[in-house]
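Just so you know, the protein sequences line up as chains A and B, in that order.
Residue numbering for the first sequence follows the numbering used here, beginning at 37 and increasing consecutively.
Residue numbering for the second sequence follows the numbering used here, beginning at 37 and increasing consecutively.
Rather than coming from a laboratory, the hints here were simulated on the basis of the structure.
Accuracy of the hints is not assured; some may be wrong.
Here are a few chain B residues that face chain A, going by a calculated C-beta distance under 8 Å [stated by the list, open to error]:
{"id": "1", "residue": "V174"}
{"id": "2", "residue": "F239"}
{"id": "3", "residue": "F302"}
{"id": "4", "residue": "V310"}
Here a beta-carbon is modelled for each residue, glycine too, at the ideal position from N, C-alpha and C.
Protein chains: 2
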Amino acid sequence: MTSQTQPDTPDNIKDDIDVDGVSPQMGSVTFTDALELDNGRKLAPFTIAYNAYGELNAEKSNAILICHALTGDQHVANRHPITGKEGWWSLLVGPGKPIDTNRFYVICTNILGGCLGSTGPASIDPQTGAAYGLTFPVITIGDMVDAQARLMDHLGIDQLFAVVGGSMGGMQVLEWASRHKERVFAAVPIATAAWHSSQNIAFHEVGRQAVMADPQWMRGDYLKHGVTPRNGLSVARMAAHITYLSEDALHAKFGRNLQNRADRTFSFDADFQVESYLRHQGSTFVDRFDANSYLYITRAMDYFDLAAEHGDVLAEAFRGTQSRFCVVSFTSDWLYPTRESREIVQALNAVAANVSFVEIESNAGHDAFLLDEPEFFATITGFINSCAQKRGLPAA
Amino acid sequence: MTSQTQPDTPDNIKDDIDVDGVSPQMGSVTFTDALELDNGRKLAPFTIAYNAYGELNAEKSNAILICHALTGDQHVANRHPITGKEGWWSLLVGPGKPIDTNRFYVICTNILGGCLGSTGPASIDPQTGAAYGLTFPVITIGDMVDAQARLMDHLGIDQLFAVVGGSMGGMQVLEWASRHKERVFAAVPIATAAWHSSQNIAFHEVGRQAVMADPQWMRGDYLKHGVTPRNGLSVARMAAHITYLSEDALHAKFGRNLQNRADRTFSFDADFQVESYLRHQGSTFVDRFDANSYLYITRAMDYFDLAAEHGDVLAEAFRGTQSRFCVVSFTSDWLYPTRESREIVQALNAVAANVSFVEIESNAGHDAFLLDEPEFFATITGFINSCAQKRGLPAA
Numbered sequence: 037m038t039s040q041t042q043p044d045t046p047d048n049i050k051d052d053i054d055v056d057g058v059s060p061q062m063g064s065v066t067f068t069d070a071l072e073l074d075n076g077r078k079l080a081p082f083t084i085a086y087n088a089y090g091e092l093n094a095e096k097s098n099a100i101l102i103c104h105a106l107t108g109d110q111h112v113a114n115r116h117p118i119t120g121k122e123g124w125w126s127l128l129v130g131p132g133k134p135i136d137t138n139r140f141y142v143i144c145t146n147i148l149g150g151c152l153g154s155t156g157p158a159s160i161d162p163q164t165g166a167a168y169g170l171t172f173p174v175i176t177i178g179d180m181v182d183a184q185a186r187l188m189d190h191l192g193i194d195q196l197f198a199v200v201g202g203s204m205g206g207m208q209v210l211e212w213a214s215r216h217k218e219r220v221f222a223a224v225p226i227a228t229a230a231w232h233s234s235q236n237i238a239f240h241e242v243g244r245q246a247v248m249a250d251p252q253w254m255r256g257d258y259l260k261h262g263v264t265p266r267n268g269l270s271v272a273r274m275a276a277h278i279t280y281l282s283e284d285a286l287h288a289k290f291g292r293n294l295q296n297r298a299d300r301t302f303s304f305d306a307d308f309q310v311e312s313y314l315r316h317q318g319s320t321f322v323d324r325f326d327a328n329s330y331l332y333i334t335r336a337m338d339y340f341d342l343a344a345e346h347g348d349v350l351a352e353a354f355r356g357t358q359s360r361f362c363v364v365s366f367t368s369d370w371l372y373p374t375r376e377s378r379e380i381v382q383a384l385n386a387v388a389a390n391v392s393f394v395e396i397e398s399n400a401g402h403d404a405f406l407l408d409e410p411e412f413f414a415t416i417t418g419f420i421n422s423c424a425q426k427r428g429l430p431a432a
Numbered sequence: 037m038t039s040q041t042q043p044d045t046p047d048n049i050k051d052d053i054d055v056d057g058v059s060p061q062m063g064s065v066t067f068t069d070a071l072e073l074d075n076g077r078k079l080a081p082f083t084i085a086y087n088a089y090g091e092l093n094a095e096k097s098n099a100i101l102i103c104h105a106l107t108g109d110q111h112v113a114n115r116h117p118i119t120g121k122e123g124w125w126s127l128l129v130g131p132g133k134p135i136d137t138n139r140f141y142v143i144c145t146n147i148l149g150g151c152l153g154s155t156g157p158a159s160i161d162p163q164t165g166a167a168y169g170l171t172f173p174v175i176t177i178g179d180m181v182d183a184q185a186r187l188m189d190h191l192g193i194d195q196l197f198a199v200v201g202g203s204m205g206g207m208q209v210l211e212w213a214s215r216h217k218e219r220v221f222a223a224v225p226i227a228t229a230a231w232h233s234s235q236n237i238a239f240h241e242v243g244r245q246a247v248m249a250d251p252q253w254m255r256g257d258y259l260k261h262g263v264t265p266r267n268g269l270s271v272a273r274m275a276a277h278i279t280y281l282s283e284d285a286l287h288a289k290f291g292r293n294l295q296n297r298a299d300r301t302f303s304f305d306a307d308f309q310v311e312s313y314l315r316h317q318g319s320t321f322v323d324r325f326d327a328n329s330y331l332y333i334t335r336a337m338d339y340f341d342l343a344a345e346h347g348d349v350l351a352e353a354f355r356g357t358q359s360r361f362c363v364v365s366f367t368s369d370w371l372y373p374t375r376e377s378r379e380i381v382q383a384l385n386a387v388a389a390n391v392s393f394v395e396i397e398s399n400a401g402h403d404a405f406l407l408d409e410p411e412f413f414a415t416i417t418g419f420i421n422s423c424a425q426k427r428g429l430p431a432a
């Protein structure tokens, strides 16, 4: 059983959030049938919020699911209702863009565990009438994907034309291609890995400890006390943000430039532009993100290990796949370096899957997948068009 | 004017701190004549604590100054009085070691701004009778070196046979070779750079924000309130510690291994060994380090830019040098990558300095300079012996 709010775009919202004429349909569906989680627990009810762009064709064969990253959300191609910024993938998704909303029905859900409409630790636990906090179950990337699959059931979409995502979004793409093989015509895992490295776990642990060290975290119960662990979450975001860039990108962008001053102040002010930038990143993040969601989602990423789910043989995760894969990495991405994409490609080759692999030259670091990278866009455009032809969908 | 505590090694201490028969002479000197700081302020009085090993020869020509890194101290080759661990460079410094205390008089000072006997923000401000806290002046690497030079004056050492240091210790070596050229016969900057990169400033800023976000920091006045910002300093240490290693080292050491458990706990416990390790690094660090010292020393590193002190031309920092240089980097050090050592070498070449450069193959990351790296030890041994011969000191 499900209940839903109709995807709708009231005029007063639409005026604010449209970008380049993109009108998202925004909705959410609440499922009362429990979701069986990887940890053995059942979650019910649960809600999945999503934005959709474009029109689903009569055959329901033109749907593309976009999977967002750790701190992303469903506002992929429209102005963000909180920050007012353009959608996080407006460069890639929209009318005439590489993922063309004139041709495809593009869906992006807020992930399970998130904080923008889907059920997560900030949601009300119907058992208690208060926010879950740390009583929310620890979820996995697989759980996020299973929740998305329930939404596809609800929408009557048997097979997604494509599942596309970068970073943690790429992990979801891989889980889709493994758990729901027959429902994925094409898969595009970008700047991602089949398992979370020791170093990445380490950075996440620093972020979690920063949140938990904040007295306003209150063992996860801050919402009940009407406070927010702003400082801790801000530090977590600052540490993580460094890993999204590259030393070259930081050097090119900031170098040792001073922030609106002629000389060092011999104080702990933000003398350097890079300090000012990071502080800004930290403080704006806490306005739009829930601290416990940050803990749960980083944990899900740390737990992600697709090989471990298949007897430590990654290829087994994909055995029998008929999907077409396009694996993309970026040269300066040190969070998910190219060698981790190559492992995915090798596993796919081992089961004779149809796979393309492209390493894009970029000095922008991990964040390259969100930026204006023409070679990347050309890769996505080419792959999508080629798959559309094979799927019998209209050409561009 | 100076006052001093005699270097002494009471038996009850010596039993605890000797390693491999190394008996440090531990002392401190308090200078009443002010130190003129780079920020224009004067600091008086100030104390420099130091350990010494071996014997100064009659000509006072066999002294080697070891400069410690951010979280190091003067306990270079003896058991640490707080942690009980072997000296941080016991592998390199001691009888028969590459820096041989049977032949050389080895000195290591706790740096100005430190917290193990030298004057720093935790010291009592004689003007107020309370700890300086944030009223302590913001110091520079140059200030640290000038304070060490005052100690050498006091000891009657006109010229150091060698100045050796890694990481921030290497920055001090470079300042010695620039500010006090005639007092340095040989200089060994290891795993370091002539300026602190944007990315390194960024990581330091995260650490400082973590400390300052801790309510027990109390705007730097925690000592007056009898508390310690343990949580914040611990998070700062955890974030920094990741940068001292390499992804390869972390992967080899921990991989995705679980900590004393068969499976994931689906909780926020330290499931992974790397999490447990980092938490341990954080919590033990706060037992031996002052949070404000951490702020001041990271700030000094961020401010370090030897070229900027010389009209943005690094070579000018070394013009006229007669010192012999041995520059060492490690392949997997991403905090101070080899290209930053090459910049030092190029600047030295530009002024026709006598310079050797060695890049050591290691997967241990920045911390390699503290570990058992035979090629590194061979490099130091060869360079020291060659310089000793030129200086007319006895052979090994």
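Each hint tested on the structure:
Because the closest C-beta pair between V174 (chain B) and chain A is about 4 Å apart, less than 8 Å, the hint holds. For F239 (chain B), the interface hint holds, since its Cβ comes within 8 Å of a Cβ in chain A; the closest pair sits about 6 Å apart. A least Cβ separation of about 4 Å between F302 (chain B) and chain A falls short of the 8 Å threshold, and the interface hint therefore holds. Because the smallest distance between the Cβ of V310 (chain B) and any Cβ of chain A comes to about 5 Å, under 8 Å, the interface hint for this residue holds.
In terms of the numbered hints stated before, the structure departs from none.
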